[in-house]
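These protein sequence lines are chains A and B, in that order.
Residues in the first sequence are numbered from 1 upward in steps of one, following this note's numbering.
Residues in the second sequence are numbered from 1001 upward in steps of one, following this note's numbering.
If you are wondering where the hints come from, they were derived from the structure by calculation, not from laboratory data.
Ideal Cβ positions, reconstructed from N, Cα and C, are used throughout, including at glycine.
Hints may be right or wrong, so weigh each one.
[Stated by the list, open to error] Heads up, incomplete: computed chain B residues facing chain A, CB under 8 Å, no partners named:
(1) GLU1139
(2) THR1230
(3) THR1243
(4) LYS1244
(5) ARG1246
(6) ILE1327
[What the hints assert, rightly or not] Far from chain A, by Cβ distances over 10 Å, these chain B residues were calculated:
(7) LEU1073
(8) GLU1080
(9) ASP1089
(10) ASN1117
(11) GLY1127
(12) ALA1204
(13) ALA1233
(14) PHE1247
(15) GLY1313
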Amino acid sequence: MRLPYGWLQEFVKLDVTPEEICNYLIMLGFADAEVIPNEWDCLDNFIVGRATKVTEHPDEPHLKIVEVNVGYTSLTSICGAPNVDEGVLYAVAMPGAKLGSGRTVDAAPIAGVNSECVLCSGWEAWLDDSKEELLAIDSEVAPGIKLIEALGLDEPVIELEVTPNRSDCLGLIGIARELAAVFGKELIIPEPGLSEDGSEISDLATVEVLDTEACPRYGAIALEDVEVRGSSAEVRARLRLAGLRPISNIVDATNMVLFETGHPLHAFDLDKLAGSGIVVRRGGKGEKFVALDANEYELSPDDLVIADKEKPVAIAGVIGGQNSEVGAATKRVLIEGAFFDPPCIWKTSKRLGIATEASYRFARTVDIGAVLYVLARTAALIQQNTKCRVSHGMIDVYPEPVAPRHLFVNPKRINRLLGTSVPEQEICDYLERLGFLVSPGKDLEVVVPTRRRDVEFEADIAEEVARLYGYDRIEGTTTTTCQTYGKLPLESQIAGLARNTLTGMGLTEIVSDAMAGPASLDLFNLASDNVVEIRNPVGIQNSILRSSLVPGIVTALVKNERFGQEAVALYELGRVYLKKGAEFGEVLRLTIGLSGVTQPRAWYAQSRGFDFYDLKGILEALAASFDLEFGFSDGGYDFLHPGRRAVVSLNQGENSLEVGSMGELAPPVSDAAGARRRIYVAEIDFEHLIQPASRPRKYQDVQKYPAVKRDIAVIVPQSVVDSKIRDVILAEGGSLVESVETFDIYEGEQIPEGTRSIAYGIVFRSPARTLTEQEIDDLQKRMEERLGSEFGGKIRMKE
Amino acid sequence: MDLRDEARKAQQTARDEILSSKSLDDLKSARTKHLGRKGVLTLLLRKLGQAAPDERKELGRLLNEAKDELLGLVDSRTDELKQATYASDLTGESLDVTLPGRKFRTGRRNLAVEMMNKIVDVFVGMGFTSVEGPEIETEYNNFDALNFPAWHPSRDDHDSFYVGEGHVLRTHTSPAQIRVMKSQPPPVRVVVPGRCHRRDTPDASHLMSFLQIEGLYVDHDVSMADLKGTLAAFAREIYGEETKVRFRPHFFPFTEPSAELDISCLVCGGKGCRLCKQSGWLEVLGCGMVHPNVYKHVGYDSLGVTGYAFGMGVERVAMLKYGIGDIRMLYDNDLRFLSQF
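Could you put the whole structure together from the sequences, leaning on the hints where they help?
Below you can see the structure in the form of structure tokens.
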């Protein structure tokens, strides 16, 4: 909201600078309060001049030659306006000035006579849309002064944010009340000063409210013999400072009061209301209505409508209609002041896409108690500036008057909540300054004015106290007697360790989008029946929640490849979202992705790209860091290369639990994803690791007896996989085999085609004794025989 | 030749071999040959029994003296040979130390995750327990129980993402407050980190998904002063000891009184600059005392307990701390960005 400083001063006299006021406003809860830069440099070359002599143009009957006193000299202006009066002050644009019409003023002859300046209309002086009449300046200022000065457009304007609960501060008086409370100043609320010199209101109009829930109060006042014209230049300027557009003396008066009080009003041409009656009702289904913005809207029973006896004349609290608009021909005016149900206004405003100063305020709620005041104030403002007669009495349909709230609050509890020790008297004083009535007692009885419907509880009162006491005066404390201690959940602890391990292995952590599109399901051939769909997505590419981390990490791998990264090694620990029937599940998963080179070319080594075994090694090391072991077997995601993928299981004694999948992205998939390099990905259900990784462990005696190391190399057909051979070694060796390491694989000239030679380093050890060479020889022999009989394997002799 | 002569001769031979040995290996075999279990001197010692009893004593002394001398010679020769080896190693084994070392790939933790964990750690250190909640949340927990009126704008489907029946992608971590309080009596002292989602158009300061951390402390006699002190400690821990904080009144449906916390500008320290829009302050989080209606929803006695809650956007904390101008950088997964932190 904007606060023209001079206007604000009418309600509270402050002797501090606007900048200082901003600081106070911020500390009262009006965020970002600041003095905005003056926006009227467009009026730099505009001044005030007095028309001293007006003569008819000799040749052009519609033009006048005007002598203009601009202070230091007298200039000639050729003017086409109908109303140029001698002795009147007008807005004058000097050469160089850019007019609202777009034209730049330039001393030049018009119809043969030199025109040295331009007498301006409101439109030409950038104020409003009135193009016919010249902008006359009513206040007595010296000719030659700058126009912005004459109109008060040079006064500082404060802009601030009003939180949704403080609808009472959507008007100048509301803000003035806050400042008056802080500075201990008097709040000046103007008396309407109305002279009810017209007909009885009951003879002029009727009001019928059919929906008192949506419209608990509807008031009206009528004006007769009204002369509708433009407001004075000063009023127009003031409205512009507040960010409003001047329309006419009637509409401008309703807007002035809206801006003073925060309470919107509406003016109808009473003669355009069929039956001179207002009916407040719901919209008809499909009922059409042309609003003041010239758009036609289709109403519904969700909308509250102000109608006459025949047709809607306004959308309640949102916008008026063309059919009842106050115009130049209007003679009688009905002014509406009401209270509408905020949610109802909000919904209509939202549904129809109309946001007005009125809908903004009604949707946040207005003061139901202020209806008659704002009506009187509006009528009085019009009466002050325009010839008219004000009706005797006002209509006030208010079947269930709202009583001010009474709260009982305890100063001790308030201080306990705030952590302060504000004396009771000070508390009472703060509340009274804000307009609350306070009666002493064991608990204080506080009467809350109707404008403060946000104040419902003692906590609300505490906030009022704290605001005036000063949030900055509350001393921060950290001492506590709380019987809790801080801890991290197991999941976070294990995830943290995994992040350490993975980062330590040279992987960088990413965070990918939680949302995805169905295209990613297609690309990765993922199931769609367990996918969580968003009912109101922003675009199809964000219409589901991810059910796998793989598409996200592949996107990141490809992106970094494009950026020219030689080595891309990434991981993400994040949630996937799954649907099971009507239930939703969120599961913590780990994904790892590799692409590019693991060993860049260097003086000490050949360059080498990432491969399947790099990924597998990372997984094995991760498991080992938790003293766990993964098993790898045939199978895995469909989007993986069928010859280079594996199901990952967690080995737990005799059992193994499938926890994920790993491998090389199938070439068609990686092509479609835009990758030029091979991509290796794994995805693991991290939740399966948490319990096993955190199981209690016991110290085991350090081995005392020496190990015996033997190497075995076996030539087997290509079809025999490494794990089968190791299984045999382990089966034969039993508990005496401490470890088996595959340390060499050879294919080539010295061995038959279709075979390969695999070499194993075996460590034998007994926890109970020193093994003898003989028994190891025997054991090794049995292993070799078994490998021979099982796989047709030939043992390669060590040289 | 009598034993005496034999001993003298053996001693002389051994002496010569030890002193002339050219390497530690030579020396070791010389030592084994002469002084080992089957060495010459050892064998002579065994023969002592054959000597005449009157000679035995002298001969024994002689042999032991020889052995002692030879062992001493072995030690000193060992030392000589080692020194010689060291000397040649030190001169002959020099490297080009300016060649680059063998490269290790260095991974980085994600800035946003790391910042979130760091903030959580600060609060855990102050006695808060970290818990998590679901992102697919009930509308009740996300809105109703937090005192959002039925027609509150943020419930609009232009502002929140809806899923299934009665579910919303949580728009803040605050619904976890409801879950925690419903599951246990006071005292409650938790922080809740996690992802939230809003139907915002992504720009330099908005994303559809972002990280938040919620804090909640409910007990007897928890005050706004405690809230202020706790958050001031947090700000100093994250932004540095000189950081000043400012509490400003604000509005949230689920706290009363409510406040926003500003920290002194990280660029200008409070003098006013472009980052802080000349105000000297940067807004970092919203907070307040738990609203009585929230206690009602979770079944707490609103007169018997007091408590505070706060919530902050993690990305903003990181952006302010590191001077990052565009929130989207955090989730672009670009190594050129990620590897800076």
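Distance rule for PHE1247/B, whose beta carbon must clear each one in chain A by more than 10 Å: Non-interface label on PHE1247/B violated, nearest chain A Cβ at 4 Å vs cutoff 10 Å.
ALA1233/B clear of chain A by more than 10 Å, beta carbon to beta carbon? violated (6 Å)
Run the C-beta distances from GLU1080/B to all of chain A and say if the shortest one exceeds 10 Å. holds (34 Å)
Interface hint compliance - THR1243/B to chain A, C-beta minimum distance less than 8 Å: violated (13 Å)
Quick one, is the ILE1327/B hint okay against chain A at 8 Å, beta carbons? violated (12 Å)
Status of the stated non-contact between ASP1089/B and chain A (beta carbon gap over 10 Å): holds (22 Å)
Closest CB of chain A to the CB of ASN1117/B still more than 10 Å away: violated (7 Å)
Could you check that no beta carbon of chain A comes within 10 Å of the beta carbon of GLY1313/B? holds (14 Å)
May I ask you to test the interface hint for LYS1244/B with respect to chain A, counting a Cβ-Cβ separation under 8 Å as satisfied? Because about 11 Å separates LYS1244/B from the closest Cβ in chain A, which is outside the 8 Å limit, the hint is violated.
Chain A contact restraint for ARG1246/B - C-beta distance below 8 Å: holds (7 Å)
Go through the hint on GLU1139/B and say holds or violated, using the shortest Cβ distance to chain A against 8 Å. violated (12 Å)
LEU1073/B: least C-beta distance to chain A exceeds 10 Å? Correct as stated: the minimum Cβ-Cβ distance to chain A is 34 Å, above 10 Å.
Taken one by one, the earlier hints fail for this structure at numbers 1, 3, 4, 6, 10, 11, 13 and 14, listed in ascending order.
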